[in-house]
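Asks: Required output: the full structure, derived from the provided sequences and hints.
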Amino acid sequence: GDSVTQMEGPVTLSEEAFLTINCTYTATGYPSLFWYVQYPGEGLQLLLKATKADDKGSNKGFEATYRKETTSFHLEKGSVQVSDSAVYFCALDSGTYKYIFGTGTRLKVLA
Amino acid sequence: GAVVSQHPSRVICKSGTSVKIECRSLDFQATTMFWYRQFPKQSLMLMATSNEGSKATYEQGVEKDKFLINHASLTLSTLTVTSAHPEDSSFYICSARVRLSYNEQFFGPGTRLTVL
Numbered sequence: 001g002d003s004v005t006q007m008e009g010p011v012t013l014s015e016e017a018f019l020t021i022n023c024t025y026t027a028t029g030y031p032s033l034f035w036y037v038q039y040p041g042e043g044l045q046l047l048l049k050a051t052k053a054d055d056k057g058s059n060k061g062f063e064a065t066y067r068k069e070t071t072s073f074h075l076e077k078g079s080v081q082v083s084d085s086a087v088y089f090c091a092l093d094s095g096t097y098k099y100i101f102g103t104g105t106r107l108k109v110l111a
Numbered sequence: 001g002a003v004v005s006q007h008p009s010r011v012i013c014k015s016g017t018s019v020k021i022e023c024r025s026l027d028f029q030a031t032t033m034f035w036y037r038q039f040p041k042q043s044l045m046l047m048a049t050s051n052e053g054s055k056a057t058y059e060q061g062v063e064k065d066k067f068l069i070n071h072a073s074l075t076l077s078t079l080t081v082t083s084a085h086p087e088d089s090s091f092y093i094c095s096a097r098v099r100l101s102y103n104e105q106f107f108g109p110g111t112r113l114t115v116l
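Which chain is which? The protein sequence lines are P and Y, in order.
Letter by letter, the first sequence follows residues 1 to 111 in my numbering.
Letter by letter, the second sequence follows residues 1 to 116 in my numbering.
Hints were generated in silico from the structure; no laboratory data involved.
For every residue, glycine included, the Cβ atom is placed at its ideal position computed from N, Cα and C.
Incorrect hints may appear among the rest.
Stated by the list, open to error - Below, in silico cross-link-like pairs of lysine to any residue (SDA-like), each with a Cα-Cα straight-line distance of 20 Å or less:
1. P:Lys-98 with Y:Ser-15
2. Y:Lys-41 with P:Glu-15
3. P:Lys-98 with Y:Thr-57
4. P:Lys-98 with Y:Gln-60
5. P:Lys-49 with Y:Ser-43
6. P:Lys-98 with Y:Leu-74
7. Y:Lys-41 with P:Thr-103
8. Y:Lys-41 with P:Gly-9
9. Y:Lys-55 with P:Thr-96
10. P:Lys-98 with Y:Gln-29
11. P:Lys-98 with Y:Ser-54
To be verified - If you anchor each label on the Cβ, the simulated ranges turn out as follows:
12. P:Gly-9 with Y:Lys-55: 32 to 40 Å
13. Y:Leu-116 with P:Ser-83: 47 to 55 Å
14. Y:Asn-51 with P:Lys-108: 38 to 46 Å
15. Y:Leu-76 with P:Ser-58: 28 to 36 Å
16. P:Ser-58 with Y:Pro-8: 20 to 28 Å
17. P:Ala-53 with Y:Ser-9: 20 to 28 Å
Replies: In structure tokens:
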């Protein structure tokens with residue numbers, strides 16, 4: 001079945017460091033891919049998405065490129081801020097309207 | 001646009017009581033709503049899919065008599081945790097799929113349920 005694998009956290013970075021959170025997926029067909037962010041005690045907010053191969057989603061300095069050849073959708077940001085501290089979830093929708101979520105990666109950014 | 005609300009945001013109840021959680025799409029019609037459960041420091045687990053006017057579809061292992069879902073209108077779905085026990089304590093999150101957007105879900109802020 002479909003699945004999403006994220007790198008285990010927590011990830012601890014200093015402010016202004018470069019961030020990469022790896023996400024790979026297994027799916028039949030051509031899924032849509034998403035990154036969501038969850039701040040403490042809150043629900044999920046869509047960070048970015050990509051619906052087809054080679055699409056690049058971007059928002060608030062975060063980027064992720066849909067790589068079909070490597071079945072990956074890694075999240076990157078060039079310079080993280082303390083306010084980016086949160087849990088990041090990679091997810092896919094293979095067309096069944098049900099999301100498959102990764103386990104989440106906790107990011108902690110230190111001032 | 002595309003705002004989903006949940007009520008209440010937090011609820012504490014005694015063991016054996018029932019708790020109802022509401023999920024509303026505020027500015028759009030949602031053909032489908034989803035209910036998730038999230039344990040501390042874990043991912044979201046899909047519990048059920050709710051379509052307006054029809055019975056909910058539950059994921060394997062989720063007790064339909066325990067978690068009653070009603071989707072009475074295109075903007076409201078409710079989850080009732082019946083005869084709640086401490087092991088039902090969790091963070092419950094709903095999401096809604098926009099009628100004309102086939103692959104994007106919008107998430108509510110979640111409800112923290114604590115059963116004493």
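Asks: Are the hints correct? Go through all of them and say.
Replies: Here's how the hints hold up against the structure:
| no. | hint | verdict |
| --- | --- | --- |
| 1 | P:Lys-98 with Y:Ser-15 | 32 Å, violated |
| 2 | Y:Lys-41 with P:Glu-15 | 23 Å, violated |
| 3 | P:Lys-98 with Y:Thr-57 | 11 Å, holds |
| 4 | P:Lys-98 with Y:Gln-60 | 14 Å, holds |
| 5 | P:Lys-49 with Y:Ser-43 | 19 Å, holds |
| 6 | P:Lys-98 with Y:Leu-74 | 18 Å, holds |
| 7 | Y:Lys-41 with P:Thr-103 | 9 Å, holds |
| 8 | Y:Lys-41 with P:Gly-9 | 11 Å, holds |
| 9 | Y:Lys-55 with P:Thr-96 | 18 Å, holds |
| 10 | P:Lys-98 with Y:Gln-29 | 18 Å, holds |
| 11 | P:Lys-98 with Y:Ser-54 | 17 Å, holds |
| 12 | P:Gly-9 with Y:Lys-55: 32 to 40 Å | 38 Å, holds |
| 13 | Y:Leu-116 with P:Ser-83: 47 to 55 Å | 35 Å, violated |
| 14 | Y:Asn-51 with P:Lys-108: 38 to 46 Å | 39 Å, holds |
| 15 | Y:Leu-76 with P:Ser-58: 28 to 36 Å | 34 Å, holds |
| 16 | P:Ser-58 with Y:Pro-8: 20 to 28 Å | 35 Å, violated |
| 17 | P:Ala-53 with Y:Ser-9: 20 to 28 Å | 39 Å, violated |
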